[in-house]
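Chemist: Here are the chains, one letter per residue:
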Amino acid sequence: MTERSFNLSFASALSGFLIWAVHFLFVYIFTALACARRFADIGVFGVGIVPLAVGLATIVAAGSLAAICLVSLRPGPAKTPSAHFLRRLTALVAGLSFVAVVWAGVPTLMVPVCR
Amino acid sequence: MTLPNPKPRSSEEFEQLKAVWRAPKGFSFITVVNNTYVGLFYIGTAVLFFLLAGVLALMMRSQLAVPENDLMSEATYNQLFTMHGTVMMFLFAVPAVEAMGVYLLPNMQAARDLPFPRLSAYAFWAYFIGGTAFFCSLFFGLAPDGGWFMYPPLTSYEYSPGHNADFWLLGIGFIEISAIAGAIEIIVGILLTRAPGMSLDKLPIYSWAMLVFAGMIVFAFPAVILATALLELERAFHWPFFVAEKGGDPLLWQHLFWFFGHPEVYIIFLPAAGMVSMIVPTMTRTPLVGYRLVVLALIGSGFFSFGLWVHHMFTTGIPQLSLSFFSAASMAVAIPSGIQVFAWIATIAAGRLRLTVPALFVLGFLFIFVIGGLTGVMVAMVPFDWQVHDTYFVVAHFHYVLIGGMVFPLFGAFYYWAPTASSKPLSKRLGYWTFGLLFVGFNVAFFPMHFTGLMGMPRRVYTYPAELGWDWLNLVSTAGAFMIAAGVAVFLVDLARNFRPSGAGGCGNLWDAGTLEWLPGGLYNTHSIPFVTSREPLWDQPNLAEDVDAGHYYLPNAPTGGRETIVTSPIDARPLYVLQMPGPSWPTLLSAAFTAAFFLLLTVKLVLPALVCAVIAIAMVIWWLWTTDPGPSHPPVDIGGGITLPVYQTGPMSHSWWAMVVLLLVAGSIFFSLVFSYLFLWTVSPDVWPAASGSSLPSLAWPLIGAMLLLFSSAGVAFAGRSLRSASGRRGLWPMRIALLLAVPILIAASGAELYGHWQAGLRPTTSGYAAVVYAIVGLQGLFTATSVIMGLYTLARSLCGLLDGRRRVTFDNTMLFWHYTVGQSLVGLALVHLFPRLVG
Numbered sequence: 001m002t003e004r005s006f007n008l009s010f011a012s013a014l015s016g017f018l019i020w021a022v023h024f025l026f027v028y029i030f031t032a033l034a035c036a037r038r039f040a041d042i043g044v045f046g047v048g049i050v051p052l053a054v055g056l057a058t059i060v061a062a063g064s065l066a067a068i069c070l071v072s073l074r075p076g077p078a079k080t081p082s083a084h085f086l087r088r089l090t091a092l093v094a095g096l097s098f099v100a101v102v103w104a105g106v107p108t109l110m111v112p113v114c115r
Numbered sequence: 001m002t003l004p005n006p007k008p009r010s011s012e013e014f015e016q017l018k019a020v021w022r023a024p025k026g027f028s029f030i031t032v033v034n035n036t037y038v039g040l041f042y043i044g045t046a047v048l049f050f051l052l053a054g055v056l057a058l059m060m061r062s063q064l065a066v067p068e069n070d071l072m073s074e075a076t077y078n079q080l081f082t083m084h085g086t087v088m089m090f091l092f093a094v095p096a097v098e099a100m101g102v103y104l105l106p107n108m109q110a111a112r113d114l115p116f117p118r119l120s121a122y123a124f125w126a127y128f129i130g131g132t133a134f135f136c137s138l139f140f141g142l143a144p145d146g147g148w149f150m151y152p153p154l155t156s157y158e159y160s161p162g163h164n165a166d167f168w169l170l171g172i173g174f175i176e177i178s179a180i181a182g183a184i185e186i187i188v189g190i191l192l193t194r195a196p197g198m199s200l201d202k203l204p205i206y207s208w209a210m211l212v213f214a215g216m217i218v219f220a221f222p223a224v225i226l227a228t229a230l231l232e233l234e235r236a237f238h239w240p241f242f243v244a245e246k247g248g249d250p251l252l253w254q255h256l257f258w259f260f261g262h263p264e265v266y267i268i269f270l271p272a273a274g275m276v277s278m279i280v281p282t283m284t285r286t287p288l289v290g291y292r293l294v295v296l297a298l299i300g301s302g303f304f305s306f307g308l309w310v311h312h313m314f315t316t317g318i319p320q321l322s323l324s325f326f327s328a329a330s331m332a333v334a335i336p337s338g339i340q341v342f343a344w345i346a347t348i349a350a351g352r353l354r355l356t357v358p359a360l361f362v363l364g365f366l367f368i369f370v371i372g373g374l375t376g377v378m379v380a381m382v383p384f385d386w387q388v389h390d391t392y393f394v395v396a397h398f399h400y401v402l403i404g405g406m407v408f409p410l411f412g413a414f415y416y417w418a419p420t421a422s423s424k425p426l427s428k429r430l431g432y433w434t435f436g437l438l439f440v441g442f443n444v445a446f447f448p449m450h451f452t453g454l455m456g457m458p459r460r461v462y463t464y465p466a467e468l469g470w471d472w473l474n475l476v477s478t479a480g481a482f483m484i485a486a487g488v489a490v491f492l493v494d495l496a497r498n499f500r501p502s503g504a505g506g507c508g509n510l511w512d513a514g515t516l517e518w519l520p521g522g523l524y525n526t527h528s529i530p531f532v533t534s535r536e537p538l539w540d541q542p543n544l545a546e547d548v549d550a551g552h553y554y555l556p557n558a559p560t561g562g563r564e565t566i567v568t569s570p571i572d573a574r575p576l577y578v579l580q581m582p583g584p585s586w587p588t589l590l591s592a593a594f595t596a597a598f599f600l601l602l603t604v605k606l607v608l609p610a611l612v613c614a615v616i617a618i619a620m621v622i623w624w625l626w627t628t629d630p631g632p633s634h635p636p637v638d639i640g641g642g643i644t645l646p647v648y649q650t651g652p653m654s655h656s657w658w659a660m661v662v663l664l665l666v667a668g669s670i671f672f673s674l675v676f677s678y679l680f681l682w683t684v685s686p687d688v689w690p691a692a693s694g695s696s697l698p699s700l701a702w703p704l705i706g707a708m709l710l711l712f713s714s715a716g717v718a719f720a721g722r723s724l725r726s727a728s729g730r731r732g733l734w735p736m737r738i739a740l741l742l743a744v745p746i747l748i749a750a751s752g753a754e755l756y757g758h759w760q761a762g763l764r765p766t767t768s769g770y771a772a773v774v775y776a777i778v779g780l781q782g783l784f785t786a787t788s789v790i791m792g793l794y795t796l797a798r799s800l801c802g803l804l805d806g807r808r809r810v811t812f813d814n815t816m817l818f819w820h821y822t823v824g825q826s827l828v829g830l831a832l833v834h835l836f837p838r839l840v841g
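Those sequence lines, one after another, are chains A and B. Residue 88 in this note's numbering sits at position 88 of the first sequence, and the numbers go up by one each step. Residue 256 in this note's numbering sits at position 256 of the second sequence, and the numbers go up by one each step.
No lab work stands behind these hints: they were computed from the structure. Values in this document were obtained by computation on a predicted structure and should not be read as measured data. A couple of the hints might just be wrong.
Between beta-carbon pairs, the in silico distance windows are [claimed, not checked]:
#, chain 1, residue 1, chain 2, residue 2, range
1, B, I345, A, A67, 29 to 37 Å
2, A, V22, B, T315, 52 to 60 Å
3, B, W759, A, V106, 48 to 56 Å
4, B, A797, A, A67, 48 to 56 Å
5, B, L679, A, P112, 23 to 31 Å
6, B, R722, A, A36, 45 to 53 Å
7, A, R37, B, T316, 43 to 51 Å
8, A, V22, B, T316, 21 to 29 Å
9, B, D512, A, L33, 56 to 64 Å
10, A, A36, B, Y151, 56 to 64 Å
11, A, A67, B, R9, 29 to 37 Å
Residues from chain B that keep clear of chain A, each with C-beta distances beyond 10 Å, as calculated [what the hints assert, rightly or not]:
#, residue
12, V20
13, F81
14, K202
15, F304
16, A328
17, M331
18, F342
19, G373
20, L402
21, D471
22, P559
23, S699
24, G779
Glycine residues also receive a C-beta, built at the ideal position from the N, C-alpha and C atoms.
Using the sequences provided together with the hints, build the complete structure.
Modeler: Written out as structure tokens, the structure is:
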């Protein structure tokens, strides 16, 4: 067992949380910059740029997470108990992250951006 | 399976094993490094700080018992609440859970010790000496008084000119080092030193919890390490990171502090949850229900807790949508906590709970922690938080989650695991009294605070007027606090009467538990290292305890004549090599003492003595390191079962490489926080950046030269590594030595060029927040350069003394990893400082 295959296995099992983290960082930084540098009023196709960016990021992240969850739930070639365990963990992680990503995206439908 | 060593073992072999692990006698006992003793010292010290901070709380509650009380001045009160919070969070909570890990983890995984025993001894002594000195600042009126979170501008040079704030900033410096050292140890220990067969799906939940704990320390502590360094630079040299008038921002401190501060409370809670997950199955004699879900919950709590920090800043004027992201995340984090609570309840329902003292503490924990969790979701609602922020409602909330979520499990853990350390168990009768007094006392003290807060009583006030109606609530809270003290006193009586630590391994598996820390043994942990096939090996593997104790499993001896354990692969726990470990060590203790002395002397501005202590500390560390990296000093060892293992490992599978990688993750997190600081200040104060302010950037020639020098130095080290691989004989080492010797001044020149470039362009660190953060980046580069240079020269010295060659190269590999990281970090720093301002205009 080399270090790389451990890193890869662990990182794939936690890929859901990593996607959650990237989504969270993106929506927070984008909103913060939009308000600090006052470009939040720009509209694209009639939608504010911040709700648009957050919405798109949420759809992309949630979609990837749903895909990861479904793929890992499919019966796969689990050679050892630990491989099977990590596969199941991948699905659970993606599922929980899906809920968290959607929950983080929802405020954009309800809350004013920069006030 | 057939036993690896089925034949009877000789008693001489067993005596040799015991002798090799024996603790030193007499005064030298303090040089002990074995995790059992270091763990007990650590736990004892943490309990001492718990008692001391508890006394501070009793003093505060006495002052608040009646309105307009004059038991103490407001200045004293400020020091009391600051120290109560700081000592509880930094000197009790994190060390206590880390200490339980140091004590339990090797035993739970059937390893003979942690992989770097001297590192945990160093961490302990630095914490003990430094923490004690820090607490004593109270007796000189020098204790910090700006709140445990020490917000500037109150704590900066203008409003806190005395030494008090410096005591906090430098005082927690060595605690930060201790925590990081512990985290490195724990990650490498959990992943690489397990019983063969203990694959990840059989890892004890406590090990999972501690793995998440240590990982969180790696990414959270660096933010506070950087923040404390920046505030100290501001106080000592007036570099204006947090001074709004000069383009700094007090909110930068808050972001950095709370990015650490929120994960900090999960760092405190998750190990306690892990301990509960070990106690409940034993007390119900049923495996934990939902093992995979609990693992998910632990890792999920760890990740999500990094997305909550702004909920401590809801009232700072940050835009509403931004606040909402953190509000959402603060609600989401309740899901993994809830999963664990339901798993425990389901386990209790699936079995029959014996109402032992540990079980009572678990039930108390469930009740109190869940209430704290509910008020947590309440304060996660932004508008609600706007009403209760800085009131006693929040004080109630966090004491419910911290005392409920950590202190109750810790007491339960003491009663539960005491039989592994003490030749007598703790008393059942006194345990029931302790629990009763603590449980009732806690609720009497803290439940009224929800109402006190809703009625408007602010935090951190030393007294209050009589006519606001807060008087009865405060009096009741004070009574509760003294009831808690009574409970703690009963516990201390129990300890004094019954706790008898013995290296001979405790009084047996009194609870009929299923996990490996309950195997019979001594300071060597177990006579042989078992192969496991289940999560509760003692329940599922017949005769395991007897066979382990008779030496029928792996490594029932000390074949190299020294202390050893088995390194196993991280996912499937297949044996890889035998890890040779050190015994008692004087330089370790001395380096810890001089490290603590360095920080404390710097606090009182005795700079020259501080520097002398720093030099001595580094010399002690080098003396300590000199005995590491033993090389392939012994032929491969037969551990039994037909398995022969080498006694030395180089490259990416060595525990040393893994430790260095974790250290570099810490370094990267510090740098990431600094990059954040730069970009944050640019976002809020663009007017002090070169484009707007007219201050000049050095010409691009400077960073280009710097980058080239950096890359040359890396190339030199890479060449040295390649030539080491193909080196044969002593003469073959000269290309490596020369390459290393040349790389050193090139790296120094790169750092010097960057510093001089800014200086000659007229930039001075005190002028603006921009200048301060640029010089901070340059300074960090300098610090890493200096460290790399010391490591490079040390590596050279080892090679010249015949202690390093093509096969014995772990020292070189560590230096190489650190060097390349330094170069990479410096290149990113150059790009940020020189390209970013030019790109954004």
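Chemist: Against this structure, judge whether each hint is valid.
Modeler: These are the hints, each one checked on the structure:
A beta carbon spacing of about 33 Å between I345/B and A67/A agrees with the range 29 to 37 Å that was offered as a hint. Remark: the range hint 52 to 60 Å for V22/A to T315/B is contradicted by a beta-carbon distance near 28 Å. In this structure, W759/B and V106/A meet the distance hint of 48 to 56 Å, their C-beta atoms being roughly 51 Å apart. In this structure the supplied range 48 to 56 Å holds for A797/B paired with A67/A, their Cβ-Cβ distance being about 54 Å.
The supplied range of 23 to 31 Å is met by L679/B and P112/A, whose beta-carbon atoms lie about 25 Å from each other. About 48 Å separates the C-beta atoms of R722/B and A36/A, a value consistent with the hinted range of 45 to 53 Å. Under the hint 43 to 51 Å, the C-beta atoms of R37/A and T316/B, about 19 Å apart, miss the expected range. At roughly 25 Å, the beta carbons of V22/A and T316/B sit within the given window of 21 to 29 Å.
Between D512/B and L33/A the beta carbons are some 59 Å apart, a value that agrees with the proposed interval 56 to 64 Å. Checking the proposed 56 to 64 Å range against A36/A and Y151/B shows it is violated: the Cβ atoms sit about 21 Å from each other. The supplied range of 29 to 37 Å is broken by A67/A and R9/B, whose beta-carbon atoms lie about 55 Å from each other. Annotated as non-interface, V20/B keeps its C-beta farther than 10 Å from every C-beta of chain A; the closest such distance is 29 Å.
The Cβ of F81/B sits about 32 Å from the closest Cβ of chain A, beyond the 10 Å cut-off, so the non-interface label holds. Residue-level check failed: K202/B sits 8 Å from the nearest beta carbon of chain A, not beyond 10 Å. The Cβ of F304/B does not lie farther than 10 Å from every Cβ of chain A; its closest approach is about 6 Å, which violates its non-interface assignment. The beta carbon of A328/B sits about 5 Å from the closest Cβ of chain A, which is not more than 10 Å, so the claim that it is off the interface is violated.
At the 10 Å boundary, the C-beta of M331/B falls inside the reach of chain A, the nearest C-beta of that chain being 7 Å off. For F342/B, the shortest C-beta to C-beta distance to chain A comes to about 14 Å, beyond the 10 Å cut-off, and the non-interface label holds. Under the 10 Å C-beta cut-off, the non-interface status given to G373/B relative to chain A holds; the minimum distance is some 17 Å. The claim that L402/B lies off the interface holds: its Cβ sits roughly 24 Å from the closest Cβ of chain A, which is beyond the 10 Å cut-off.
At roughly 40 Å from the closest C-beta of chain A, the C-beta of D471/B stays outside 10 Å, upholding its exclusion from the interface. With a least beta-carbon separation of about 24 Å from chain A, P559/B lies farther than 10 Å from that chain, consistent with its non-interface assignment. For S699/B, the requirement that its beta carbon stay farther than 10 Å from each beta carbon of chain A is met, with the minimum near 28 Å. Every C-beta of chain A lies more than 10 Å from that of G779/B, the closest at about 26 Å, which supports listing it as non-interface.
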